[in-house]
Amino acid sequence: MNCARARELLHPHADGELDVAASLDLERHLEHCPDCARSGDRLRDLRATLATAPYFKAPPDLEQRIRAATTTPAPSSQRRRSMLPFALAASLLLGAALTFVVTRYTPRGAEDGLARELVAAHVRSLMADHLLDVPSTDQHTVKPWFAGRLDFSPDVRDLSTSGFPLAGGRLDYLAGRPVAALVYHHGKHVINCFTWPANNTPDSPPTITTAQSYSIVHFTHAGLTTYAISDASPSTLLDFASLLRRP
Amino acid sequence: MPTHSADSMRFQTLVLVHLDSAYNLARWMLRSEHDAQDVVQEACLRAFRAFDSFRGDDGRCWLLAIVRNTCRSWLDRNRRDAPGPLPDEDDIETPADPDADPQVQMLRRAGAQEVRAAIESLPGEFREVIVMRELEGLTYKEIAAVAGVPVGTVMSRLARGRERLERKLAPRLVEGGLP
Chain A
18 MNCARARELL
28 HPHADGELDV
38 AASLDLERHL
48 EHCPDCARSG
58 DRLRDLRATL
68 ATAPYFKAPP
78 DLEQRIRAAT
88 TTPAPSSQRR
98 RSMLPFALAA
108 SLLLGAALTF
118 VVTRYTPRGA
128 EDGLARELVA
138 AHVRSLMADH
148 LLDVPSTDQH
158 TVKPWFAGRL
168 DFSPDVRDLS
178 TSGFPLAGGR
188 LDYLAGRPVA
198 ALVYHHGKHV
208 INCFTWPANN
218 TPDSPPTITT
228 AQSYSIVHFT
238 HAGLTTYAIS
248 DASPSTLLDF
258 ASLLRRP
Chain B
6 MPTHSADSMR
16 FQTLVLVHLD
26 SAYNLARWML
36 RSEHDAQDVV
46 QEACLRAFRA
56 FDSFRGDDGR
66 CWLLAIVRNT
76 CRSWLDRNRR
86 DAPGPLPDED
96 DIETPADPDA
106 DPQVQMLRRA
116 GAQEVRAAIE
126 SLPGEFREVI
136 VMRELEGLTY
146 KEIAAVAGVP
156 VGTVMSRLAR
166 GRERLERKLA
176 PRLVEGGLP
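Chains A and B, in that order, give the protein sequences.
Here this note's numbering runs 17 ahead of the position in the first sequence, where the first position is 1.
Here this note's numbering runs 5 ahead of the position in the second sequence, where the first position is 1.
By construction, these hints were calculated from the structure, which means they are not laboratory data.
Don't take each hint at face value.
Claimed, not checked - Where chain A lies over chain B, by a calculated footprint (3+ residues, C-beta under 8 Å):
(1) 27–33
(2) 40–48
(3) 64–70
(4) 120–132
(5) 140–148
(6) 151–165
What the hints assert, rightly or not - If you want the ones that stay clear, here's a sample from chain A, every Cβ over 12 Å from chain B, calculated:
(7) LEU41
(8) PRO76
(9) VAL140
(10) PRO223
(11) GLY240
(12) SER250
By construction, the Cβ of each residue, glycine as well, lies at the ideal position given by its N, Cα and C atoms.
Make the full structure from the sequences, and use the hints.
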């Protein structure tokens, strides 16, 4: 290796960009060439000196301005894609739902996970236009619909004379299993009534809780555990539960 | 243009975490705190609008490339530090120095202000690769990607920039004499 080539390689060598073979060649040359070795030393010292140059960090207020400007995206002015309005609408809807769930639900107690699931399922059923798989006010239509779709048979009742007309039913997924969701109306309120096998849990009387201003009533009756959720008043839901537990 | 808050969070996590690197590069390229702030802000908003095209490999290089381009446009617009013709290779001489050791010692003594002045006096093409290599620790390949030039060009600009810095920092001290 001649000196001109060695001087060229000093830089990639110092920067760790030289392959092993070339590095060995260069180091052999430096052992026998004091001039090039001195150049190598000067480069090393220059780099150590350059490392003392100031490093300019972004001022905090600049970072705040940029974060603010990239947190709420401004509407694109010209190249509006055809899907953009839908995407915006979807994100607004999602945002509204999240705000709803996050701000209005105050977790407490051990049942929080399930309560959260119940609220989410209830809200989703109202939002996503997926309230009913089988819209029918006739329990003799709704009940058989679940046969073959679930490994149990939900208790479906006609409570229209008591002010809780049946609207229909659908499949849902709660507590890690498919469940029956029965939908009743009470005035303008929608009641989602989720029910699944109680797995040998003894019968229990209705207990009422609230989550995010929704009322949730829970009871176990005749081998089925049932959670009913609605924005109707707690006392209304207790009335509803007692109707469902009537022999 | 990202329209979901999740994209906004991704942008801040993958790209904006490198804001210091972006600002440091712009600050050295423009040599002005005020201009660097304006240009970095503009570059970050450009990056955000173009975030759909980011493929998620390297947020720092992606942002630095946009910052560097924004700096260059700004410099062209303002006709300051315009990229003049690069000096001939003959322009650069290896300093003839019979005894390296005193020079090395003086290099070490060069204060931060002199180092800064020396780097700032470099032509822009040399200065940007020196900053990316010596202060940001980027590899040749990364510098090449940011600057949009071949790796060979990065190597030669880096070597020539260093030779200039060595000449600027060392002889001044030697000629000025020791305190």
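Right, here's what the structure says about each hint:
no., hint, in the structure
1, 27–33, "holds (count 5)"
2, 40–48, "holds (count 4)"
3, 64–70, "violated (count 0)"
4, 120–132, "holds (count 3)"
5, 140–148, "holds (count 3)"
6, 151–165, "holds (count 3)"
7, LEU41, "holds, 20 Å"
8, PRO76, "violated, 7 Å"
9, VAL140, "holds, 19 Å"
10, PRO223, "holds, 40 Å"
11, GLY240, "holds, 43 Å"
12, SER250, "holds, 35 Å"
The earlier numbered hints that this structure contradicts are 3, 8.
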